[in-house]
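For the protein sequence lines, the chains are A and B, in the order given. Our numbering puts the first sequence at residues 57 to 665. Our numbering puts the second sequence at residues 13 to 453.
Everything hinted at is true.
Calculated cross-link-like contacts (lysine-lysine; reagent style DSS-like; alpha-carbon spacing at most 25 Å):
(1) A:Lys64 to B:Lys383
(2) B:Lys327 to A:Lys262
(3) A:Lys170 to B:Lys327
(4) A:Lys224 to A:Lys170
Derived contacts from chain B toward chain A, CB cut-off under 8 Å, selection only:
(5) Leu207
(6) Phe210
(7) Pro289
(8) Gly322
(9) Gly323
(10) Phe324
(11) Gly357
(12) Ser361
(13) Thr362
(14) Met373
(15) Val376
(16) Glu380
(17) Leu412
According to the in silico footprint, chain B covers these stretches of chain A (three or more CB under 8 Å from chain B):
(18) 60-71
(19) 74-84
Keep in mind that the hints were calculated from the coordinates and are not lab data. Where is the CB? At the ideal position from N, CA and C, for every residue including glycine.
Here is how the chains run, residue by residue.
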Amino acid sequence: MNYLENRKYVIQAIFLVVGVVYALRLFYIQVVDSSYKQAAETNAIKTVIQYPFRGLIYDRNGELLVQNTPVYDLMIVPKEARNIDTLRLASMLDITLEDARERFKKARAYSWVKPSIFQQMLSTQDFAHIQDNLIDFPGFYINARTARGYPHQSLGHALGYIAEISPKQLEDSTYAGYRPGDYIGKAGIEMAYEKYLMGKRGVKYKMVNVRGIDKGSFKDGAYDTLSIAGQNMVSTIDLDLQAYGEHLMNGAKGSIVAIEPKTGEILAYISAPFYDPNLFTGKDYGKNYMQLLQDPDKTMFNRPIMADRNPPGSIFKLTQALIALEDGVINPNTRYACNKSLVNCHPHPSPLDLRGAVQHSCNPWFFQAYKALINQGKSKNTFTDTSIGLRDWREHVLTFGFGKKLGIDIPGEKSGIIASTDLYDRVYGKDRWKYSTIYSLSIGQGELGVTPLQMANFMAVVANKGYYVTPHLIRSIGEDGKPLAENYERHYTSVKPHHFDPIIEGMAEVVRAGTGRKASLGKVGITVCGKTGTAQNPQGPDHAVFVAFAPMEDPKIAIAVYVEHGKWGGQSAAPIAGLMIEQYLTDTVTIKEQEKWVLSREYLNIKSK
Amino acid sequence: MSTTQHRVLGGKIVQPSSRRQSTSVFGNLDWFTVLIYFVLVALGWMNIYAVVYSPDNVVNIFSFDINSGKQLVWIGTGVILMIVLLVVDNKVYEHLAYPIYGAIILLLLFTLAVANPVAGSRSWLDLGGGIRLQPAELAKFATALAISKFLSQVSLRQQRMKDQMILAAITFLPAVIIILQNETGSALVFGAFILAFFREGMSPLILIIGGSAAAIFILTLLVPKLYLLIGIAALMGLAMFLDYRLMRRFKTMIALFVLVLGMVFSVDYFVNDILQPHQQNRIKALINPEADPLGYGWNVTQSKIAIGSGGFWGKGFLEGTQTKFDFVPEQSTDFIFCTIGEEHGWVGSTILIALFLLLMMRIVYIAERQKSVFGRTYGYCVVSVIFFHFVINVGMTIGLAPVVGIPLPFFSYGGSSLWSFTILLFILLAIDANRNRELVR
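If we strip away everything but chain B, and leave its shape as in the complex, we get:
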């Protein structure tokens, strides 16, 4: 192992699409992705420091008294973790996918049983010595492995009901346990795997129906029910008028409309009668943060003020004032994007968005070059999770998504989150680095 490392340090590094028949993991590693990873982690670390920085009371960025110092520990241990993930025989991931998944499910159940509630959530496992672990974070990569393993079975019949049910169970079992832990935000992430399913052959109709359902959901909360239904009826009528084939399926159209009608009313019932007050508030804050700027709209209003005050170029590193005045809660974890927006302006925000897009595009590229279904599916699972986190986390700070407490990948403060994304990504890179051995075997 030491010789391997030595060779890496020796300098034969960036060769993304290398065709060399190197047997070393590090020789075949996708260094481009690794680079983006480290850029994101480093930027995150600096912004975590910017959050706690106060000109009156300057603390060194490396000080372990503040979050940036602690984050450095997580980053360091993360590097060790990634090396371990890369040198372990990569076949392990495919062979042990189910056992890993099973173990994590047991860990989730165990946590649910023993965890002491922290702010209403029973998702933290106290490891002693002030270190706490959130197993829900680990469930992401474990579920991704299990899904990939299942979809790569030769005997799989995608159209078979039984297989579909098993796949759904694999995906949503951890989500249900996590909801029971009162971490609904983390549970929603599991819905993101739909992107991976789509790539592997799921009917696009489901994606379209899912999208329309989401649109109707939001519109129900925005527009009076009567107007909404009239609007939908009018749209349907117009579609039938334009396409005579739809005319012949009149009964189907009526059934469809009844379905929409049912949904509109059940959404109303769901939001007002089933959701817990804090969940209702998050949805209401998305739709109209001005309604109660001091109450449930507080986070969104303050976060928009912070970002909006950044202007085109931003106020400069450590020069932000909104973020320093504790106006935005959860500043270094869920709302870290505010710091970027305020201190680095539109330019900085856009660069960050571009970095994430680059990373996601690269992962899609990596996924597509896998020779095994397992590797490809896993790649899509990884990008689905990262995409979901990115959409929600950035979206909520600019008022385009509901406030769901999930971190910005690689960026937000916190060990569980950083480790979880490191594991998620570097298992993919380990599989990718060995993709050519697949042929040799």
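This is chain A alone, in the form it adopts within the complex:
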């Protein structure tokens, strides 16, 4: 065993070697390398964070949507803040004495030696005043950084806003690299494109002596990093159109979504009531935010993508007709009588073919067409047959982008509801429901929920005769302006292009001589194709819907207008759509009488049915 005992020398040698290596290494760090000694003389290293410029956002015509404006934070280092005239400080900042004391306490609790924010986002005037007096307040200094600014008052819901990162986000590893006090996109484009917009923070190490006086950069800036500005981006929004749409919706509730059909680019995105994005910058941000959050009109509710509880109404008849054509159960010349014993209707010629049925929105016609579609006799059992029919129909509907998230490039989108066999099986029991249970789907009522974005997207589908491009708000990132490929993917519906022609012709008639006359631009030679709708609302006056695209020959804009409590699509939503289309296509508005009518809000007083 003696040879094993000798191993103790090996072990002791390992100990000794480590000890000697460590002592030598320490000798190098502590005695030989003088750069650390330099730090010893100046005694502390201050890190100065270089905040990068957040990326700017432009509209499709190069107008600035979001910019950066300088703001000033008043910082405090508690250790150095001594003999402070708290009363004077409070009056200078226009805060109460208790508030000032509270802030002192908070800063001390955070760190005795590290700076923390005493007052956020001073305005330029306040900054000038305070800067002059700062000499009497040791331990306080001004930190300049930039905040978001908007040279307009539009588009709040789509742009979103930035705010200080929350403690919860800081714990989340997705946000690794962020520090307390950092700003981060909290909604809309600011949130969705955070990684492009934020840029990269830089850091400077400065040596300061005991009195906090600058002694130059540490190790000649060897550890410093430059901040890299965030990437600018180009939005698909047309700011003029957006502002005009907000002007038209001012005081109303609802949504307007306008899309360029071929590209899926969103031209206008209005959620009314809307808010001025400038409310979310500056020191009153918190107050404004709470006010908006609590207001009874639900301003913060992002209607175009979140209002998915309401049935689409008559506009859905177009979808039904398209699917029926594709399945071959009707053809453009199919005629049905306006049999009011099936479902109620309004006076119009009868019987009608498909175009006429679209033009007059004949309820019994679509009752019968949808019955032909659902009950194709694939099973002898009428319950099973209905179930098969509904299941196949639903698959068609989903290809139009209904009943699922379209994938718009801002967070919060809802998927909507499309009736399914599961749903009815659950409610009525399997084989306990048939066509008479579900017929209201034929006219767009019942178990259907569609967002305004999905309605506008549906118009893009019709305009494109069978496909849509995922609607999106950002065209390109960075200076080269190359479009983001992932935003331009085409999705084809299950309906063949030629089936769209009779529908489009019927829609043109709706605007020329039907319920959508108030959207007509015949005066300026533009053919608008549209369809009115009414979403039944058990809580009050019905909601009005109008969807359209124009020009008929070469569609440039597809639009959905949704006016809450607007009662009749033709009276409230249609003129708004007409005005928006004319504004976008010609940059002027000639149908002034419609504008006057819309702004008067007279449509709210029309007798309900």
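Guided by the hints, dock chain B onto chain A, whose structure is given.
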């Protein structure tokens, strides 16, 4: 018991290698080790105070509001603990080695099941009243006891596969549970027992292979893979050229090279794909702290600045500035060595290193004079654990080891750590004090 104590206080104290046939534990106690223990604990306590000390806001070192005051409570209870450990019949440790080990394993599992995560780690057991215990700390001495007991069996065959497997299981079972608790740093400590195994007859080849593997691991992260492999191939070629016997084992050499090749690529995969981001960062910080001084390199950079600014003589007790400005995180626990480096300079740091070397050498000496395999192995287990903590803890503050959150023995702030090392060391001293009774029996 009171008479025993009285005799100690009476003054027959320092007689390290006493041959007296005293029956008292305290008479045969290795007072030299006890002295080093108290010097380390006292220095630690003063440095813990230095960390929180602020000239603007002087708080008494005994105040329970600050860490030094609390540490005093841990030290006091630690003294009671050591007296208990010494007066208990020392046969207990050998007889109850397995039951103690089993109990601690159960406690570890229990902790894993019920613990509320603290900073991602599920290793703390809340005892109520603000007192928390980290059972992972207790696992060290329990595992050391179990290993010693196992290796001291007369029926043991070291070359037998089955026995090797059992030994490995005893060693790594607690480590696996501790990794599941997300305390990888504490789990690595169990690898240190390899030193004890080496002393008890493990092939030195394993130590050499382990060392080379560690070297290749670090080199893989430092040097581009291609250059590294060319370098290793060249070294092998050179070895074969110098020693013709290797020439004849050409196939073995090729196999060896393929093995190295596999390791280089799996290390790459392991670090970049398997390790969690914070673990990756610790390894990256070791290799190049300058790459991201604000991010993962922060601790290492700041800790080197603090130590480096100490110079030859240091700035003096309570005069450190880097440490006071909260630049280095975990200042009173894992990075306490920075305070020594800054306030006491190279002289102070070297004295501390010397103290640890002295302690470790002394433990080896104690271990070698045990008459039982159990006592000797346990002694080596103790020194292995202390050595590992020392190497990593000091190494990480000067950029020679990855940042692994383990404390400096006897020195760092914290009750679990101080108690754990006190138990570890004083069980050895209790066994040592009774080593002569072994003969009498």
